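The whole structure should be built from the sequences, with the hints applied where relevant.
Read top to bottom, the protein sequences are chains A and B.
So the first sequence is numbered by UniProt numbering: it starts at 1 and just counts up by one.
So the second sequence is numbered by UniProt numbering: it starts at 1 and just counts up by one.
One thing to keep in mind: the hints can contain errors.
Here are the computed lysine-lysine pairs in the DSBU-like style, where the Cα-Cα straight-line distance is at most 35 Å [as the list claims (entries may be wrong)]:
#1 K120(B) / K268(B)
#2 K120(B) / K25(A)
#3 K268(B) / K117(A)
#4 K268(B) / K272(A)
Okay, the calculated beta carbon distance ranges per label pair [to be verified]:
#5 G122(A) / A202(B): 14 to 22 Å
#6 L233(A) / D69(B): 41 to 49 Å
#7 A173(B) / L89(A): 47 to 55 Å
Honestly, the hints are just simulated from the structure, not real lab data.
Because the structure is a prediction, the values reported are computed rather than measured.
Note that CB positions come from ideal geometry on N, CA and C, so glycine has one too.
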Amino acid sequence: MSTTITTGADATPRPAARPTRPDRKQRWSRRAPLLPALVFAIVVTQVPFLFTVYLSTQSWNALRPGSREFTGLANYATVLSDDRLRAALVNTVVLTASSVLVSVLLGLGLALLLDRKFPGRGIVRTLLITPFLVMPMAVALLWKHAIYNPSYGLINGIFGGNTDWVSQYPMVSVVAALVWQWTPFMMLIILAGLQGQSLETLEAARVDGAGPWQTFTRITLPYLRPYLELGALLGSIYLVQTFDAVFTITQGGPGRATTNLPYEIYLTTFRKFEYGEAAAAGVVVVIGTILVATFALRVISSLFRMEDAR
Amino acid sequence: MTRTANPARRGAGLTGAVWTVLAWLAGLLFFLPVLWMVLTGFKREVDAASNPPSWFFTPVLDGYRQVFDRDLMPYLLNSLMASVISTLLVLVLATPAAYALSIRPVARWRDVLFFFISTKMLPVVAALLPVYLLVQNLGMLDNVWTLIVLYTAMNLPIAVWMMRSFLLEVPTALIEAAAMDGASLPVTIRRILLPIVAPGLAATALICFIFSWNEFFLAVNLTATRAGTSPIFLVGFITSEGLFLARLCAAATIVSLPVVLAGWIAQKQLVRGLSMGAVK
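Written out as structure tokens, the structure reads:
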């Protein structure tokens, strides 16, 4: 097992800060505990992508047996000139950005409300985190049928009217359900940040005559920035892959109004069986992700204080 | 998370009361859909579909009875098996790896750490087709073990990051002292490391369990009737004709319950887990 990744890990032994370079045997004894996890991660997550790249060069519709042949980059031309993928990209950005933004703002508000002592604080916090714990598929079904339904849904039941929320405001419907589920996540992270804030600083600000609003914008908000960024980043990692809510609440519709990239590629694969095109779309999405992720990783490394290991 | 007497932020007088009321209202508003789900599960189908909504009704167990009549148990067991076994596998793989990235680090630990987290950013959907074809070739479609392997890979990066953050809290002096006393590695691990990181292991396990239990995308594409997990069971409840809301809500309540209870009990560990150890 150990030989499989020698080249990668061994290529440039860093000029170590240690006085003497650990000998070969010692380096391998350090590496040994890491190898099973590393090899497993490489095999399960990287190998499929290589296979995707190969498939993307094939003209292959699974509904037409024997249709498989090498077509070079033709699938990429199809995919990149296709409006559907571009629309799905726009929808993905809109969906991710709006759900992250709104849930961070709401989470910030809730965290501020909870950052003081009041009767029943523990209960309120428990109530607030519950939406995040409910199974996402249950959330999607609940919102679609029990809340948005025009004839017996909770919204029309309380406020009257017979608005068909899902078909009239499809994107808002999906985002609202996601925001409801992700706001508690943001609140928990921001609240943890708030509670680490030094009371002396706040006290000093008050002594200096700063009002509550000034204290909030000048001291609390800058202090919270890493927590807000962390919440937004982790939220984006999950929300950009949203599938359950789209699959259940709108099926990507009406038309393609809420079809995001995961749902679009899913349709290409398992509804149209255009394997080659689906693979090419997958590769394009991965390249896009790598570009975004390079930036995200930089943010992560500044957020997690990367304490030097011993 | 809990903080003792904090006069600076203790609400005073009328303003304090207003904030308290606001906080309670917000909490109840966020909880309302969950409450509605639980209530609806105890209604008769006709009451569930009434407009205006009925808040007071005689609770019945019809919905729950139908859920169990439809063979919920195999799906729950599949979910349980996939979540528990994948969580155990993740811990077995991630803990030594985290050790090799913190206490006794390999040369390029930083790169390895970022490699793990980068796999979390790659879109699952791009791997769906090759994974599907591979699994099909191996004759492993509709098999719980397929999900177990994939869920292990899905949660491994989170667990490595979390366990590393917990291991970094073990005082170096303690490990050195053990080495001075001639303690062997297994003894050091059992006597010193494990007791300190046990809460961390629990938090990591909780997070991995939640994510596997709730996973839908891979389950819906790679399983059918034999290995279907609980979210798959839920989707099967939607029919185009007839009323189904009460039994759907009953089913949704049952399948959500394990994670909701676990999360309620382990609220403190939840924050640290969700932030992959960054927020303590």
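Checked hints:
no. : hint                          : in the structure
1   : K120(B) / K268(B)             : 24 Å, holds
2   : K120(B) / K25(A)              : 32 Å, holds
3   : K268(B) / K117(A)             : 17 Å, holds
4   : K268(B) / K272(A)             : 46 Å, violated
5   : G122(A) / A202(B): 14 to 22 Å : 20 Å, holds
6   : L233(A) / D69(B): 41 to 49 Å  : 45 Å, holds
7   : A173(B) / L89(A): 47 to 55 Å  : 53 Å, holds
Consistency with the previously given hints fails for number 4 only.
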